[in-house]
Amino acid sequence: MKEDKKMIQHYMKSQEERKKLYKRSLWIVLLSQIFGGAGLAAGITVGALLAQDMLGTESFAGVPAALFTLGSALAAYLVGRLTQRLGRRHGLTFGFISGGVGAIGVIVAANMNSVLLLFISLFVYGAGTATNLMARYAGTDLASEKQRAKSVSIAMVATTFGAVAGPNLVTPMGEVAKAIGMHPLAGPFILAAVAYLLAGLTIFLFMRPDPLIIARALAAYEAKQKHTGSVESIPAQKVSRVGIFAGAMLLVLSQVVMVAVMTMTPVHMQNHGGGLTAIGMVIGLHIAAMYLPSLGTGALVDRIGRNAMAVATAITLAISGVLAAFVPGDSFIGLTIALVLLGLGWNFGVISGTSIIIDSTTIHHRAKTQGSIDVWVALGGSLGSVVSGVIVAYSSYAMLGFIGTSVALMLIPIVYWARLKQKRREESTLSA
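Numbering of the sequence shown is given in full-length UniProt numbering, commencing with residue 1 and proceeding in unit increments.
The hints are simulated quantities; they were obtained by calculation from the structure and are not laboratory data. Remember, it's a predicted structure, so these values are computed and weren't measured experimentally. Treat the hints loosely; a few may be bogus.
Claimed, not checked - Think about it this way: if two alpha-carbon atoms lie no more than 27 Å apart in a straight line, the pair counts; the simulated DSS-like pairs of lysine-lysine are:
(1) Lys23 <-> Lys368
(2) Lys368 <-> Lys178
(3) Lys421 <-> Lys368
(4) Lys20 <-> Lys368
(5) Lys178 <-> Lys19
(6) Lys421 <-> Lys146
(7) Lys23 <-> Lys146
(8) Lys146 <-> Lys20
(9) Lys421 <-> Lys19
(10) Lys368 <-> Lys146
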């Protein structure tokens, strides 16, 4: 749907109105993220347990996470392309509604005891996961350079409310499912279906005008008017391939480590006598650490810089991996600390990596680039979830922690290389 030309002109001529639209867009994203957070929590918490119950072995416990991360990869691509063509509203609506449909499929599969339908539905369910992550970009379209990390962080911290509540509703939703004659592990997916559908409707009904379309129109208008002095100019951006690569690697490797360790933690705890309530609490605190510190992280990224926080990402994830390797499987407190650090490291990586990518792209091609990068993020998460199950089945959870630490530490030389490359490029430009 094309935005009304008069509306676009209205925002072009008034900086105050642009600020109001920026704040309004953030509120809409915030509300949708609350619902979306509850939706993504279901698969993270009980997806592996549901597959283990239906298949009778833990060797394939990583398959559910692999499927919905593969599904999220396809969704990231489709949402990115839809967003590039039609704007944030249509792209995000499509993704959230697809996630809701997938969750409904999981419920049906669990009650029919159909493994094939379960796998197909988990794949579709992954669209919600991708869209929930991609929604963080919507708040940055009208943000200034100094507001970008803060905008990402506001979008992410909103996810906390739903994401923390979701895992802690595992037992109550299981009881609800049992009361209506369903598989108890299907209960959280009932919550997911409702949450994702509400997130999609929120975006569709209220994200008008579309911030991305307005931002593009403003950029084009500013380009034409930059010599007249009739409007405040927006600093021109240039595409930085080095920045895009560094930001992408930061996002991908953070996702690989986080998904790998997180996926197998519920199975690891269950094998050491942990109940669903304890597992739900650990995963709930882990997800809280993924999103709740976002406002502080956004401020740090803007204040001390993207590269410094990228190094902090590597160190935090590495410590988490070491703790996971050494903490006993029946230690609720020890695993909680490890998983909280895992979530915090991921949070550092997502906000700093996203900010680097936004800084390195232009508004005209940003949505397409963001979608493409999130495809690789999802594929990385899929790889991490599949490999994690194999590693634990044929070696140990401790080995998984050590491997996660090694992968996390790879981020430090990547950040150093990108910084050196960028510095040389700037020196070359100045000397020319």
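A quick look at each hint next to the structure:
1. Lys23 <-> Lys368: 24 Å, holds
2. Lys368 <-> Lys178: This hinted pair is violated, its Cα atoms lying about 43 Å apart.
3. Lys421 <-> Lys368: Holds, at about 25 Å.
4. Lys20 <-> Lys368: 26 Å, holds
5. Lys178 <-> Lys19: Violated, at roughly 49 Å.
6. Lys421 <-> Lys146: 23 Å, holds
7. Lys23 <-> Lys146: With a Cα-Cα distance of about 15 Å, the restraint between Lys23 and Lys146 holds, given a limit of 27 Å.
8. Lys146 <-> Lys20: 17 Å, holds
9. Lys421 <-> Lys19: 35 Å, violated
10. Lys368 <-> Lys146: Holds, at roughly 23 Å.
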